[in-house]
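Undergrad: This is what each chain is made of:
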Amino acid sequence: MFIVLSPNSGVPVYRQLIEQIRLQVAGGRLAPGDEMPSTRNLSAQLGVNPMTVSKAYTQLEREGVLERRPGRPLVVRALPPDQARTRKLEQVRESLEGAVTTIRQLDVPTDEALRLLREMLERQSEET
Amino acid sequence: MTVLEFNDIRRAYRRGENVLDGVSFGVGAGEVVGLLGRNGAGKTTLIRIAMGMIEPQDGEVRVFGMDPARDPLEIKRRIGYVSEEQTLPGFMSIGDLIRLHRGLFPDWDDMMAEGLCDRYDLDWDKKVKTLSKGQARQVALLCAVSHKPELLILDEPAGGLDPAARRDFLETSIQLLNETGSTILFSSHHMSDVERMAGRVVMLHNGKVLLDDPLDELQENMAVAILPHAEGRAAELQGMPECLGVRDRIEGLHTVLRLDPARARTAVEDSLGVRDGRYDRLGLEEMFIEIAEGQS
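Read top to bottom, the protein sequences are chains D and F.
Just so we're aligned, residue 745 is where the first sequence starts under my numbering, counting upward by one.
Just so we're aligned, residue 6 is where the second sequence starts under my numbering, counting upward by one.
By construction, these hints were calculated from the structure, which means they are not laboratory data.
Derived, one-sided and incomplete: chain F residues facing chain D with beta-carbon distance under 7 angstroms: (1) 176; (2) 182; (3) 183; (4) 197; (5) 202; (6) 224; (7) 286; (8) 287; (9) 290.
FRET-style restraints, in silico, Cβ to Cβ: (10) D:841 / F:112: 48 to 54 angstroms; (11) D:837 / F:76: 55 to 61 angstroms; (12) D:789 / F:31: 28 to 34 angstroms; (13) F:218 / D:763: 21 to 27 angstroms; (14) D:827 / F:129: 56 to 62 angstroms; (15) D:830 / F:129: 55 to 61 angstroms; (16) F:129 / D:767: 43 to 49 angstroms; (17) D:814 / F:18: 56 to 62 angstroms; (18) F:132 / D:841: 56 to 62 angstroms; (19) F:165 / D:836: 42 to 48 angstroms; (20) D:747 / F:167: 23 to 29 angstroms.
Note that CB positions come from ideal geometry on N, CA and C, so glycine has one too.
Using the sequences provided together with the hints, build the complete structure.
TA: Structure, rendered in structure tokens:
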């Protein structure tokens with residue numbers, strides 16, 4: 745699994761794990777039914793305390809992103825399409841929060857900020 | 006179960022100058038505790054007391070419920086220990102040293118020792134005195150973990166090592182955690198290693214425990230506020246119960262608060278009436294600097 749930790753970001757490692765796994769599920773990089781690496785393997789792969797991995801897994805299980813079945817590896821849970829959409833939007837909302845703060849702090853009017861966002865989105869879809 | 010316990014430990018090297026001035030905390034089975042503090046804060050002294058290398062002048066230390074000064078052998082068999090200043094006998098070869106340890110520890114795991122030898126690319130025939138600093142430390146770690154100790158104590162284990170050797174060290178400790186569920190107490194100045202390893206951090210300052218918290222909670226509930234200078238403001242900030250330190254800098258007063266950034270803003274605005282502050286999360290490294298430097 746592809747996870748990059750950013751040390752010294754002020755974000756606890758277990759939160760970084762949760763966010764990146766959520767993102768990969770929302771983005772389809774991890775598909776329903778995909779098996780997660782064991783706590784031990786992911787801990788060894790990333791060089792982090794196994795308790796940290798297990799804390800992230802437990803929370804993702806509680807949120808319904810992952811599913812644990814007795815005697816089997818943890819897997820990504822299948823989601824009904826409307827929930828998948830909600831989750832995607834939640835991810836977008838989270839990553840936009842920083843931008844919103846900047847927009848307010850710099851006193852940029854809402855319509856200008858929206859215009860900028862639209863432009864950026866259009867430019868991206870032209871490029872790809 | 007408490008594996009390691011310090012109870013009101015005091016120790017001075019010279020009369021009247023306590024290196025440790027009433028240190029108390031315990032480490033539970035399976036916990037990984039990072040011991041932080043500036044040079045001279047008392048970390049090494051505390052670790053040496055746990056190892057039974059020196060005795061406290063006051064207070065009590067217990068390792069597996071025993072006194073390290075009275076039951077050194079029984080305790081040492083169950084501990085692994087690496088320190089920055091450790092010296093290995095230079096005349097011995099790596100192989101000799103491994104065989105020596107193998108004979109001393111009934112639980113020695115050949116597979117683990119050989120695996121580590123391969124990983125570190127160590128040559129059994131090489132004499133210890135010909136090893137680089139990094140290789141010598143790797144041999145020390147191999148000897149400290151291959152009997153699968155219940156408690157691993159590392160005193161600045163990565164001091165003077167290059168980043169690759171440091172990572173090997175970290176990965177070996179994590180392997181031990183995964184395979185044996187060992188308890189670990191380690192001191193380090195490398196905050197990124199602390200972030201990866203520690204479940205809890207204890208920070209010493211002037212011989213006292215300044216912080217003792219689960220690392221995740223600490224990171225989630227800690228902010229730095231940068232406020233414009235004003236007459237008497239530093240004292241007002243220091244008076245806030247959540248304040249962990251105030252540092253006078255050119256751009257303003259840096260204050261570390263035990264609150265997340267949003268709550269920190271509310272608390273400062275409510276108690277000081279200052280509106281034009283900046284509030285941010287802190288990486289562990291900044292946190293360390295702000296707190297260590299912010300003590301009056």
